[in-house]
Amino acid sequence: MPTADASGGGLHIVVCAKQVLDPDGVNSFAFWGRLQVGGDGRSFDTGEMVPRIINAYDEQAVEAALRIRDARVDCRITVVTVGDEEAGAILKRCVAMGADDAVQIVDAAAGLGDGFRTARLLAGLIAELGDVDLVLCGRQGSDYDQGTVPAALAERLGAALVTMSAGVAVEGGTLRVVRVTPRGEEVVRATLPAVVSISNEIGTPRYPSSRRMMQARRQRPERREASDYEGAPGAVGVEVTRLMVPDVQGHCEIIEGGSAAEKAERLMAQLHERGLLGG
Amino acid sequence: MAEHVLVLVTAIEAGGPLRDADGEALGAAQALARERGCEVACALIGADVAAAATEAAERGAGLILTADAAGLAAFDGGRSVTIAAEAVGRAEARVVLIPRGPDVLELAPRLAARLDGASVVGATEVRTASDDVVAVAAVFGGAARAEYAFRAPGPHVIGLAPAVAEVPERRPGRSAPAVALAIPEADGRVRTIEAAPDVSGPRLEDAKLVVAGGRGLQDGENFALIRELAQALGGMPGASRAIVDDGWASFEQQVGLTGKIVTPDVYFAVGISGASQHMAGCANARCIVAVNTDPEAPIFTFADYGIVDDALDVLPALVRLARERGA
Numbered sequence: 000m001p002t003a004d005a006s007g008g009g010l011h012i013v014v015c016a017k018q019v020l021d022p023d024g025v026n027s028f029a030f031w032g033r034l035q036v037g038g039d040g041r042s043f044d045t046g047e048m049v050p051r052i053i054n055a056y057d058e059q060a061v062e063a064a065l066r067i068r069d070a071r072v073d074c075r076i077t078v079v080t081v082g083d084e085e086a087g088a089i090l091k092r093c094v095a096m097g098a099d100d101a102v103q104i105v106d107a108a109a110g111l112g113d114g115f116r117t118a119r120l121l122a123g124l125i126a127e128l129g130d131v132d133l134v135l136c137g138r139q140g141s142d143y144d145q146g147t148v149p150a151a152l153a154e155r156l157g158a159a160l161v162t163m164s165a166g167v168a169v170e171g172g173t174l175r176v177v178r179v180t181p182r183g184e185e186v187v188r189a190t191l192p193a194v195v196s197i198s199n200e201i202g203t204p205r206y207p208s209s210r211r212m213m214q215a216r217r218q219r220p221e222r223r224e225a226s227d228y229e230g231a232p233g234a235v236g237v238e239v240t241r242l243m244v245p246d247v248q249g250h251c252e253i254i255e256g257g258s259a260a261e262k263a264e265r266l267m268a269q270l271h272e273r274g275l276l277g278g
Numbered sequence: 000m001a002e003h004v005l006v007l008v009t010a011i012e013a014g015g016p017l018r019d020a021d022g023e024a025l026g027a028a029q030a031l032a033r034e035r036g037c038e039v040a041c042a043l044i045g046a047d048v049a050a051a052a053t054e055a056a057e058r059g060a061g062l063i064l065t066a067d068a069a070g071l072a073a074f075d076g077g078r079s080v081t082i083a084a085e086a087v088g089r090a091e092a093r094v095v096l097i098p099r100g101p102d103v104l105e106l107a108p109r110l111a112a113r114l115d116g117a118s119v120v121g122a123t124e125v126r127t128a129s130d131d132v133v134a135v136a137a138v139f140g141g142a143a144r145a146e147y148a149f150r151a152p153g154p155h156v157i158g159l160a161p162a163v164a165e166v167p168e169r170r171p172g173r174s175a176p177a178v179a180l181a182i183p184e185a186d187g188r189v190r191t192i193e194a195a196p197d198v199s200g201p202r203l204e205d206a207k208l209v210v211a212g213g214r215g216l217q218d219g220e221n222f223a224l225i226r227e228l229a230q231a232l233g234g235m236p237g238a239s240r241a242i243v244d245d246g247w248a249s250f251e252q253q254v255g256l257t258g259k260i261v262t263p264d265v266y267f268a269v270g271i272s273g274a275s276q277h278m279a280g281c282a283n284a285r286c287i288v289a290v291n292t293d294p295e296a297p298i299f300t301f302a303d304y305g306i307v308d309d310a311l312d313v314l315p316a317l318v319r320l321a322r323e324r325g326a
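So the protein lines, in turn, are chains A and B. With numbering that gives the first Met the number 0 applied, the first sequence covers 0 to 278. With numbering that gives the first Met the number 0 applied, the second sequence covers 0 to 326.
Treat the hints as calculated values from the structure; they're not laboratory data. Where hints are given, some of them may not hold.
Which stretches of chain B does chain A cover? Using the computed rule of at least three CB atoms under 8 Å from a CB of chain A, they are [claimed, not checked]:
1) 23-29
2) 102-108
3) 115-123
4) 149-158
5) 287-299
Computed from a predicted model, the values in this text were never measured in an experiment. All C-beta atoms, glycine included, are put in the ideal place defined by N, C-alpha and C.
Bound conformation, chain A alone (with noise of 0.2 Å):
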């Protein structure tokens, strides 16, 4: 396999990867009825109980970056992130993944849920790097779900966008993207420098070896300050104002009978009634 080119020379690649609650922590609060939100209004009250992981969209980003560099395409892969000051720590599992260098932008509006801020702030890191020629991001964040920042970092970057990907190949200085469509996958080619979103048919994102992990635990990633790219510690396109979570959870009515026969015919008495079977 050939080694990235510190010193320029290959395809730049930067990866775009962003620290969430694990969603399935949040989801199984959520189903035990204990979610709350905490004190500011805008975060959940979960403590030390639902760990923070990078986002799954983001991690196979990662992935869909080493896979190209296992196409034997000549390229350096640094991992970015935009958080406040634990965030950075999923820089270290993309290291020992395979990417070569970590930058993280601590922000302290980051709690804010605003992909419009973030993105100007990766548009920034991206400028300042100067020879980026594709960025992968994934295809939302497991979070809010809202997806603006490779949609919104395509337009500050000038660069083309190709979203829900499924597959990115570098090809003569081309991008050959299958995306995910809801008709099925289709095949795109795009110019470089273009912004890439990636959804999750990548496949399984490789697991770091422990001697990796070991040398990614040495490796400080780079750190920048938010105000080293966007004045004011605010929102600049929306901010999440409140949470709130839904008061009653579960209305179901579990259909009892004596046999699966018997539960079935209740069921369709039910809907029928309701009216909800047409006719």
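Starting from the known structure of chain A, arrange chain B on it as the hints suggest.
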């Protein structure tokens, strides 16, 4: 011209009518326009949009903006965004509503970013608060909802979830001034080289009844029971992502975040645990029926009716009853 609340409809297929989602967006726009003391404009971007334009005017749009070209029958990335941006300018829109559809996730934030605005997608509620709009959307796959305020100087672009408003009544003969939008060259930076399969026939998204199966079917062959029940009830079969990955059902049948988003009157989730990725595709069904052996499966928190039993015992009984009803 004065301010309008703009409804942005893209990818209208040749001669096609408005979809339910488009009508709902017109309904939501009317409510906002009343509060803002302005009218609704509707931009129609597609191939042969005349029928859709007539219908938009009859459903209350006071200004029609059209971009009509064969190449616009499918969403066309940068080009569609450029046309949409002109529509926003023509309508002097501060608030732009986009009906649900597969391209919202690209169109909404991209349009917003281009015009120095901001976007919220998947909005289940849009309302006026202190002279501005506020949007509410699900977070963590529906575990909670977030209320968003807009902080950008440019337009507020809002992608709508299903059923946010009623479709306004159609008044035949009502018309509105129409303006043709400029159609720029296609954005040559991204070209489709292999098109997605051309699926015609009934669409899962439009089905009034969906019977979906998951891993609880235990074996691929048992998906036949899902098809039989769907057919007997006049609905369509759907599938969880897990069994599409297993090859038991086809990708076109997948319901969820990466598949189809369905809004039937009745959704049967059979042997489906109810992961948030799946619920994102069916949570807006009028009535959800869950069949699962595990009484603690998350699906029962979303369901209206539940049967705790083996899908393979319940399905044949349901098929028999449905056929008796039909006969």
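Going through the hints against the structure:
Remark: the region 23-29 of chain B is not confirmed as covered by chain A, as 0 of its residues place a Cβ nearer than 8 Å to a Cβ of that chain, below the required three. Restraint check on the region 102-108 of chain B versus chain A: 4 residues with Cβ-Cβ distances below 8 Å, three needed, restraint holds. Check result for the region 115-123 of chain B against chain A: holds, 6 residues qualifying (beta carbon to beta carbon below 8 Å, three or more required). Taking a C-beta to C-beta cut-off of 8 Å, the region 149-158 of chain B contributes 3 residues in contact with chain A, enough for the three needed, and the coverage statement holds.
Three residues within the 8 Å Cβ limit are the bar, and the region 287-299 of chain B against chain A gives 5, so the coverage statement holds.
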